[in-house]
Amino acid sequence: MKNKENPKKLSVFWAQKFRTRREISVFAKPCKISKRSLKGAKSRCFGGCEFRNLNYSNFSKVKIGLEVHVPLNTKSKLFCSCQAVPEKPNTNVCEICLGMPGSKPCLNKKALEIAIGLAIALKSNLSKTILFVRKTYFYPDLPKKYQITQYENPVAVNGKLKILNKIIPLTRIQLEEDPGSIYHKEDRALIDFNRSGVPLIEIVTEPKFENAKEVLDFLQRLSSILDYLEIYNSKDFSIRTDINISTIGEKVEIKNVSGSKNIEKAINFETIRQNLLSQRGEKIEQRTMHFDKETEKTFPSRTKESEEDYGYILEPDLPIIELSKEEILRIKKSIPELPLEKIERFEKQYDLNSDEAYVITIEKEIADLYESLYDKVNSSFLKNWISVSLKKVLNYNNKKFSETKIEVSQIEKLIKKVTSKELTPRSAEFVLRELVNTPSEISIILEKLNISKTSNEELNSLIEKTIRENRKAVEDYKNGKEKSLHFLIGQIVKATNGKADAKIVKELIIERIK
Amino acid sequence: MNKILKEAKKINREYNTFITINESFSEGIPIVVKDNICTLDLKTTAGSKILENYVPIFDATVIKKLKEKNFSVLGKTTQDAFGFGTFSTNTELGIPKNPFDKNRSCGGSSGGTAAYIKLSENVKYGLGQSTGGSINCPAAFCGVVGLTPTYGLVSRYGLIDYANSFDRIGPITKTVKDAAELLTIISGIDTKDPTTQNKNEDYTKYLNEEIKGIKIGIIKECFSEKIDENIKSGIKETIIVLEKKGCEIQEISIPITQHLVSAYYIIALAEASTNLAKYSGMIYGLEEKPEENYNEYFEKIRKNFSLEEKRRILLGTFVRMAGYKKAYYNKAIQIRNLAVKQFQEIFKKFDLLITPTMPILPPKFEEIEKLSPLQTYAMDFLTIIPSVTGLPSMSLPVKTKTKLPIGMQLIANHFHEKNLVKVGDAYEK
Amino acid sequence: MQINEETVKKVAKIARIPLEEQEVRQFAKEFESILSHFSKIEKVKTENNIISPLSTKNIFREDEIEPSLQKAEIFKNTKNQEGDFFVSPKIK
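Residue numbers (our numbering), protein chains in the order written: chain Z, 13 to 526; chain A, 447 to 875; chain D, 4 to 95.
Among the clues, some could well be false.
[Said to hold, decoys possible] Think about it this way: if two alpha-carbon atoms lie no more than 30 Å apart in a straight line, the pair counts; the simulated DSS-like pairs of lysine-lysine are:
#, chain 1, residue 1, chain 2, residue 2
1, D, K12, Z, K267
2, A, K795, A, K661
3, D, K46, A, K746
4, A, K510, Z, K121
5, D, K32, A, K735
Don't read these hints as lab results, they were simulated from the structure.
All chains should be built: construct the whole structure from the sequences, respecting the hints.
Right under this line is the structure:
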């Protein structure tokens with residue numbers, strides 16, 4: 013958190029979060045500064061006024077390290093042949109992933125190959141002999157009460173990933189099994205073991221991040237690599253990250269945070285919490301924490317990490333792994349051109365700057381689409397349209413390009429219609445939205461939406477006319493009356509005898525009014 | 447009622463050989479199975495109250511193989527809980543009594559199987575299980591043949607784990623011939639158990655073979671004053687018999703054997719403590735309605751472990767704790783590895799090694815109660831030698847002047863069970 | 004090797020096994036003698052390698068799916084079932 017990031021704005025934001033009197037704060041301290049008498053033991057003010065007095069310029073340097081858990085998209089689980097997808101509870105289970113007495117694990121070859129491929133992509137050193145261990149601890153989601161994971165001799169060590177402003181060293185890359193899922197209730201918990209045994213790759217970074225922005229950049233680039241290697245299905249399981257943060261005290265670990273917004277909030281909250289404590293003169297203890305999405309705060313978990321002793325031993329039921337040079341070479345050859353290399357190449361080959369190249373190459377499909385269209389359409393238009401419009405529509409519909417079943421030739425056609433002025437860029441976006449939802453011929457869509465060059469011109473002049481003739485309604489809308497907008501839309505649709513598409517009209521009007 | 451079932455119930459009433467008798471047994475070749483080997487739909491307890499009502503939902507691989515050859519499980523036999531013991535006395539589910547003297551132990555931990563095989567007129571085949579000697583010991587104490595195969599020859603899939611690095615399943619039978627038959631059926635690589643190897647063969651073809659020229663080493667450290675005199679003289683006479691049959695006998699000193707009990711127990715208990723973590727009242731095993739928070743619940747359930755189970759779990763947890771792991775667990779593994787290498791060298795010069803199976807004759811139950819844990823563990827020092835090194839071994843009942851049986855332990859090189867069968871069979875004749 | 008009652012209690016907590024005071028005392032005594040016997044292995048000269056020479060190598064399973072268990076089988080050995088879930092003690 014640097015002062016450069018507008019501390020005043022930030023402090024108001026955070027102060028608003030904590031000024032609630034009745035809030036039950038885990039940092040329960042009576043308000044020394046305001047000396048207000050607080051009613052009831054539960055009411056604590058988490059220094060709403062302390063925030064005004066917080067010395068942001070004196071914030072200690074933050075050191076952040078990550079443990080990223082990536083669930084793999086293998087067909088079966090890591091140590092058994094159960095399907096590795098979410099399902100009705102306790103449907104994809106067997107005696108092995110339920111940890112029944114007498115069952116034994118057997119390693120999924122594909123999972124190992126994926127881990128090795130990722131380790132190579134992350135420029136790390138593969139262990140000559142790969143070993144598994146038992147990490148013993150007592151938690152209801154762990155059927156055997158030990159997790160088969162790695163300790164000495166993981167898949168790989170000493171990798172690196174370049175982010176915007178630095179290179180993040182990766183301590184280790186290892187393979188392990190996922191525990192089950194817990195659903196908390198008031199007086200009990202419900203456990204679903206479908207997820208138990210799903211393969212995870214854990215990537216541990218050195219504590220070289222200094223803020224949330226760097227962490228998010230890292231995770232974005234890592235996701236990109238996962239996308240290129242086709243090893244992660246974000247629809248089924250999410251990437252979970254443990255965040256280790258230290259300022260001047262001990263390291264605090266925030267466990268199991270998923271989603272970039274939550275990660276950013278958790279880091280920011282924890283940074284402030286630690287600095288607040290140290291500016292109060294209090295010690296920061298080594299703790300395990302969790303992040304509450306609702307209150308957007310970190311809070312300590314029950315057992316102290318220091319009390320657990322995992323007592324790692326070698327997993328005696330699994331053989332040792334020593335892959336031959338030929339095997340490793342085969343895996344290496346199957347790795348496609350990776351994001352960083354593609355960015356460099358695109359910059360040179362397609363005359364893009366680094367930002368443009370970055371945005372286009374985040375997802376491999378989009379990069380491939382760009383390359384296949386480059387020679388066929390206007391390149392300057394292409395780069396903007398792909399980075400902005402195409403990505404917007406795909407994200408909105410939560411689909412990858414390959415999932416839409418749109419053909420490259422259709423995109424080519426659509427773009428050519430814009431560059432030849434037959435369609436406006438805005439209209440093309442409407443067409444794209446339709447294509448994404450219901451793939452069909454472009455000409456059919458154009459007819460359906462009643463968008464063509466002529467009708468476009470007519471529509472635009474109609475809109476101009478309607479706005480001129482209804483200045484009051486326009487003013488009302490500008491002052492917040494939604495109803496006036498509906499009125500205007502209605503007028504136009506009526507004037508076209510119902511042919512105009514209300515959604516399109518709405519957007520055009522709004523844009524015109526701005 | 448089926449005469450086999452009738453006999454089983456009769457013997458069980460007198461000698462406590464069974465935890466469960468398979469009431470639906472009707473046809474097929476009867477086999478008695480130690481109760482830590484999972485049998486589908488037939489209660490499997492591993493001798494522990496924690497699994498008192500556990501019914502497996504799958505068959506162990508060895509059971510599948512036996513069923514394919516028309517075997518049928520007659521009953522699940524008594525044992526030390528989870529294999530934790532040398533006398534089959536560490537159990538609340540029935541302590542088996544020695545066929546030779548009901549006041550004496552059957553040995554352990556596969557005591558029930560060994561006793562039943564000795565006593566039964568109808569049943570020739572029994573499955574035992576060994577981690578530190580639990581096939582050979584009861585075989586010796588009950589006067590029957592016990593064959594502990596090479597680690598990795600027989601699948602452990604479906605065996606309730608004690609120490610995964612050492613556990614084996616093996617035959618307990620009246621004769622070497624029956625042991626060879628049974629081993630042939632149950633051995634072989636299993637895709638479900640990646641520690642198995644494709645090294646099995648038909649062991650019955652080694653019966654009735656010449657044993658002239660077989661080189662036998664007598665391990666010096668195993669004939670010290672710690673061994674009962676009757677046992678020493680019984681075995682020495684047997685060795686003379688073998689010599690007459692043409693074997694070349696030579697004494698050999700293997701000093702590392704004095705450290706193998708410690709190395710064995712450290713590794714075995716470390717693994718056992720992780721294997722028994724799963725018994726925490728969830729999914730299977732002893733359970734209650736969970737009312738308290740999870741740690742309290744787990745403790746409430748695990749309080750029910752017996753004293754010996756607690757002892758071994760705690761010791762095993764200790765030796766792998768941060769700060770102690772290097773001196774105990776890591777060091778024990780290094781010693782195990784060293785011993786394996788040494789024995790691999792020794793077997794370049796010898797075909798078999800001989801020791802007594804146990805240092806004492808089958809003890810009375812009251813004598814056992816007086817032993818300290820360390821004294822009990824030390825009883826295993828002979829059977830631990832092949833256990834910790836993965837080597838196959840056989841306990842053969844030898845001629846004795848005493849009323850109580852004496853077992854001689856033959857140890858062969860990895861996957862050389864043929865030498866055990868050859869010599870064992872030749873001696874029997 | 005000093006194994007005192009504190010150590011026994013600590014180990015028991017890690018292993019989630021509650022002990023009576025009498026058991027703590029008994030184990031402390033026993034472990035002292037057992038572990039001091041075990042620690043004699045320290046004297047043996049060994050190579051610094053923890054990989055077993057008997058271990059199998061590179062045994063894998065293809066990434067194929069096999070049918071999972073039926074619900075009746077899954078819950079056969081427990082009464083702590085609620086619908087399709089296992090009931091666990093609470094985690095607060």
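For this session: Mind checking the alpha carbons of D:K46 and A:K746 for me, to see if they're no more than 30 Å apart?
Result: violated, 41 Å
Problem set entry | Given hint A:K661 paired with A:K795 - CA-CA distance at most 30 Å | holds, 8 Å
Problem set entry | A:K510 paired with Z:K121 [C-alpha distance capped at 30 Å] | Holds, at about 26 Å.
Problem set entry | Given pair status - Z:K267, D:K12, alpha carbons within 30 Å | holds, 28 Å
For this session: Would you check the hint for D:K32 and A:K735, treating anything up to 30 Å between C-alpha atoms as holding?
Result: violated, 36 Å
Against the hints set out earlier in the document, violations occur for numbers 3 and 5.
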